[in-house]
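*Asks:* As you go down the protein sequences, you meet chains F and P in turn. So for the first sequence, our numbering puts the first residue at 1; every next one is plus one. So for the second sequence, our numbering puts the first residue at 207; every next one is plus one.
Don't read these hints as lab results, they were simulated from the structure. Just so it is clear, CB atoms sit at the ideal spot from N, CA and C, and this is done for glycine as well. Be aware that one or more of the hints could be misleading.
[Claimed, not checked] Taking lysine to aspartate or glutamate and the EDC-like style, the derived pairs with C-alpha atoms no more than 20 Å apart in a straight line are:
hint, chain 1, residue 1, chain 2, residue 2
1, P, K382, P, E329
2, P, K368, P, D383
3, P, K248, F, D95
4, P, K310, P, D342
5, P, K379, P, E306
6, P, K251, F, D95
7, P, K243, F, D95
8, P, K251, P, E269
9, P, K281, P, D258
[To be verified] Going by beta-carbon spacing under 10 Å, a handful of chain P positions derived as facing chain F:
hint, residue
10, P218
11, V219
12, A224
13, V225
14, I228
15, L239
16, K248
17, P261
18, R265
19, Y266
20, N270
21, T320
22, L323
23, G338
24, M361
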Amino acid sequence: MKMGKFGKEFTKGLIISNPVFVLALGLCPTLAVTTTLDNALGMTLAVVIVLLGANIIVAAIRNFIPTITRIPIFIVIIASLVTMVDLQFQAYVPDLHASLGIFLPLVVVNCIILARAEAFASKNPILHSIADALGMTVGFMIALLMISAIRQTLGTGNLSVFGFHFFTLPVLGEQPIALLILPPGAFLVIGLIMAIFRRTGVMKSE
Amino acid sequence: MSAKNTLKKFYPVIVLTAVVAISVGLLSLTDNLTREKIEWQKEQKIQRLLFDLFPDMSRYDLENEIYIIYSTEDKVSYAFVAVGKGYGGEINILVGLEDENTLKGISIISQVETPGLGNRITESYFTDQFAGLSADEVARRRDGGQVDTITGATMSSSAVIKAVRAAAMEKIKLIKDREQGK
């Protein structure tokens, strides 16, 4: 049941092991970028590129990696990958780089990448590591979109994505709760979402 | 100690060194392959931004870090790059001059400010404030100037204001000297 395993590794990242809400990984970039839906999607794109690359490389050489120096090896691989992607983007898709530029360096400090290399890709074959990377990315995206939709709606009074405007709230449109766009707002929203999920039993604490 | 044991002892070091060596090789290869292209892209971007500021530009020269813009009507205008120290790193700002005393406008060439907060300095409601100001009026409103900072992005907006002001003061002097020298 190869595909069954593939599917399982993919879906676990969505809810059961959601990187943000359950594993509490990658909170630093999550707090920083969840102010608008655009940013959430930009970050997701940067993460999928690097996470996929890192998981594949680590899974491919997992049998050669000595245990005691594994962490520096992972870090070197991830940092090099990020820098190479960053340079390629600058050279060939400057417009995308201009809007995504800041997210790529942020990916280096995204512990989701290191954690998946350590906890999964270093012990599993390439195919499963691909599934893990994709599942984690989708889970990350779900979390980012939820948080940023709430922060953008209440913090700016509008909801729009890439210039496409969904709605403007009647009162908040003029007097938005600016606190939610600022860093403390991110903590409040993430904390509340986690609490609601635990309370309603959608997610169980480890 | 046998040779096999020695190898085993140094194995982690050898692998780490190999990984680093391969990474360094790939990184310098990527840098080599992309450097020219990146420089070219930057030049293209400046050209595009200059064109946005001076729609009637026919060609431009770069002389002592000042862009000299020749318009179709043989009018000469000037623009230059101001570099500010923002919250996240360098902010490069293109500043265009209307005449020797007033600014025509600014645009942000590159910045690495926090998404959603500091990076709002690129939005037009902030940058548009600079049009028509004299170098002296480029200051935060609370310092007696004409520019409003962005809520939640005081550091980034102040960095832009400071950089534009300093660069404008310096370059306008150079431009006046150049005009007189002719």
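*Asks:* Each hint needs a verdict: does it hold in this structure or not?
*Replies:* Results of checking the hints against the structure:
1. P:K382 <-> P:E329: With a Cα-Cα distance of about 31 Å, the restraint between K382 of chain P and E329 of chain P is violated, given a limit of 20 Å.
2. P:K368 <-> P:D383: violated (23 Å)
3. P:K248 <-> F:D95: holds (11 Å)
4. P:K310 <-> P:D342: holds (14 Å)
5. P:K379 <-> P:E306: Given that 20 Å is the threshold and the Cα spacing comes to 9 Å, the pair holds.
6. P:K251 <-> F:D95: Holds: K251 of chain P and D95 of chain F sit about 10 Å apart, inside 20 Å.
7. P:K243 <-> F:D95: With a Cα-Cα distance of about 14 Å, the restraint between K243 of chain P and D95 of chain F holds, given a limit of 20 Å.
8. P:K251 <-> P:E269: With Cα atoms ~18 Å apart, K251 of chain P and E269 of chain P stay inside 20 Å; holds.
9. P:K281 <-> P:D258: holds (17 Å)
10. P218: holds (4 Å)
11. V219: Holds, about 7 Å.
12. A224: For A224 of chain P, the interface hint holds, since the closest Cβ of chain F sits about 9 Å away, which is under 10 Å.
13. V225: holds (5 Å)
14. I228: Cβ of I228 of chain P sits 9 Å from chain F, so the hint holds.
15. L239: Holds: closest Cβ of chain F sits about 8 Å from L239 of chain P, inside 10 Å.
16. K248: holds (8 Å)
17. P261: Since chain F brings no Cβ nearer than about 21 Å to P261 of chain P, farther than 10 Å, the hint is violated.
18. R265: Result: violated, 22 Å to nearest chain F Cβ.
19. Y266: violated (20 Å)
20. N270: Hint violated; N270 of chain P Cβ to chain F Cβ min 27 Å, cut 10 Å.
21. T320: holds (6 Å)
22. L323: holds (7 Å)
23. G338: Violated - the Cβ of G338 of chain P stays beyond 10 Å from chain F, reaching only about 27 Å at its closest.
24. M361: Hint violated; M361 of chain P Cβ to chain F Cβ min 13 Å, cut 10 Å.
In summary, the structure is inconsistent with hints 1, 2, 17, 18, 19, 20, 23 and 24 from the numbered list given earlier, while agreeing with the others.
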